[in-house]
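Student: Work the whole structure out from these sequences, hints included.
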Amino acid sequence: MDKRMWKNHDLEKSYDVVIIGAGAHGLATAYYLTKLGITNIAVLEQKFIGYGGSGRNTAILRSNYRTEEGIKFYDQSLKLYENLSLELNYNLMFSQQGHFTLGHSTAAVSGLVTRAENNKALGIDSYMLEPKEIKEMLPEIDISNHPRFPVMGALYHPPGGIIRHDAVVWAYARGADKAGVHIHQLTKVEDIIIEKGKVKGVVTNKGKINCKSLVSVVAGWSSEVCRKVGVKLPIVTHPLQALVTQGYKPWLHHVVVSGSLHIYLSQTDRGELVCGNGIDTYPHYGMRSTLGFLESYAAHVLELFPVLHNVAVQRQWAGLCDMTPDYSPIISSIDEIEGFYVNGGWGTYGFKASPASGYNTAQMIAQGTPEMIKPFRYNRFMENRLGGEKAAASVGS
Amino acid sequence: MEIIVLVKQVPDVALNIKVKEGEIVEEGLSYVISSWDETALEAALQITEDVGGEVTLLTVGPDKAAESLRKGLAMGAHKAIHVKYDQAGETDSYAFAKILQKALEGRNYDLILTGRQSQDTDSGLTAPMLAEFLGLPQVTNIIRFSDVSEKNITLYRKGDHGTEVVDMVMPGLVTVNDSLNEPRLASMRGIMMAKKKPLEEIDLDSIGITSEMSGIQGSMTQVLQFEKPESRKEGQIFEGDEADTVTQAVDLMVGEAKFLT
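Protein chains in written order, with this note's numbering: chain A, 266 to 662; chain B, 3 to 263.
The hints are all genuine.
Once the Cα atoms are required to be at most 30 Å apart in a straight line, the calculated DSS-like pairs of lysine-lysine come out as:
| no. | chain 1 | residue 1 | chain 2 | residue 2 |
| --- | --- | --- | --- | --- |
| 1 | A | K473 | A | K493 |
| 2 | A | K477 | A | K463 |
| 3 | A | K312 | B | K235 |
| 4 | B | K230 | A | K471 |
| 5 | B | K235 | A | K272 |
| 6 | A | K312 | B | K20 |
Since the hints were derived computationally from the structure, they do not count as laboratory data.
Tutor: The following block contains the structure:
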């Protein structure tokens, strides 16, 4: 019996839809397209599935965003995630353990209060906690006045949590494969063929494919793909670094984020602490780990949790963040090119969006742009209608 | 006990190292402490934790080598010496040993520890040459040590015909086999503290290394070019019932592959 979760195929000469990028978003797009009756799909991946941001994130899920469009979109994503293990018949180890966003100044706390109110108005479980209440739930946190950034309050979001990120990729890949999608790994798009303003196909290192619809779902590499068709995205790609410690007995039972200290951490079921930082300040496509990140992370996390001083760092890695000016994604058709779609600009908040991103992108391709993602259209940058999500990015630069 | 640990910064061999026109492609490389040197550092830390004393890291290399020193300091070394040197690519073990000799002259130490070879060149020559230049006893490729006292240390070296047990009078130089220990990981506090530990920078002039003694001029051998080892052909997987697949595998080994006759 073939135990592989997805099959290898030779390239067909033509597909209805070609998706560039086999990360969680690309595979989810393929999966949800099959739900809409479109199954003649190729997902092209230059490396292997989950090589990009899907395999390099810190697997935190939440929907406590700031703007109406952000909150609704991430709420849809979280709800899809809640049902995903069942739907894809794959244990994704989603642990809805609750999510703290700490405030270390009166200005920060005031921003969190706005978020809590916006969240509540849209039915999201999200509220403020006093330092004493925080201490009850996070006994090891230092809420004294000693640190440079004392804890003055927190936005608490009970449905937030962590998930097994690789499993999400694998489960979507298996789901899409079962429905007839062709996943082509090690297949790099070298050129995109446009004739008379219409998408005709792509040229890959393995040959040419004709298609009616083409969607770029490549996050950190979005600018590179869109440059091939002359679409200039207002995206700047920055690396973001993360680390994982050795495994320890369970002591941290919630996700903790501190915007001012530029850190977030959670403890996996295996006991390792998964720790992330803000984006590196320089734009770059290199995914190199630096000692500077380790040093700054260690200094900052010990301010919050002095108890971690002996915790040993096992390894570190970096991923790419495609940052838009308004910290919101681009999920859009492109007026000038019929049949070409962009799904990118996922910055530091892409993994948690995977299901909603795939779901809405599939709808957009099959039936036209749904209301949910109209605020994320490409033209907003030309219309001067940017979103206001920057304040709610976990640890924005 | 004053211990000097010689460390070398090498390209991370876990990453794909590319060779183009006989040269290693620098782009995309990441640098780490040569793993045998990490083993030596771990041994040094264990000894000083046991009998007291300090561990000093010493490296010869370009600016970026300082990062490896700070990683070693984060693991627990007390201080570091960085001999700034930009001609590492065209320098052989002999010239490196000369530079190290000059860097160590006049310094106080009981033991010099390092890896039995470096992860990039695999030559294993620098440390033995250095011991000769310094006139020190040397024991190479140790897999265990015991009975550390002020003047002596018992060393178990992996020889050609088994384990050789050697009692060495200090000061001396020892190179380590990677089976000696499992190097510790840096802790959060260690990483923070490393920034405040002393890191002494030295230039070649100050230790009396002239241009004739460094780079190509100071070297007795020269690397002409690098080549990638040939990659192995893809293997064949036999799927199905054991009774069939074993026969198929044996047929292949006897027939086409001429592996069994």
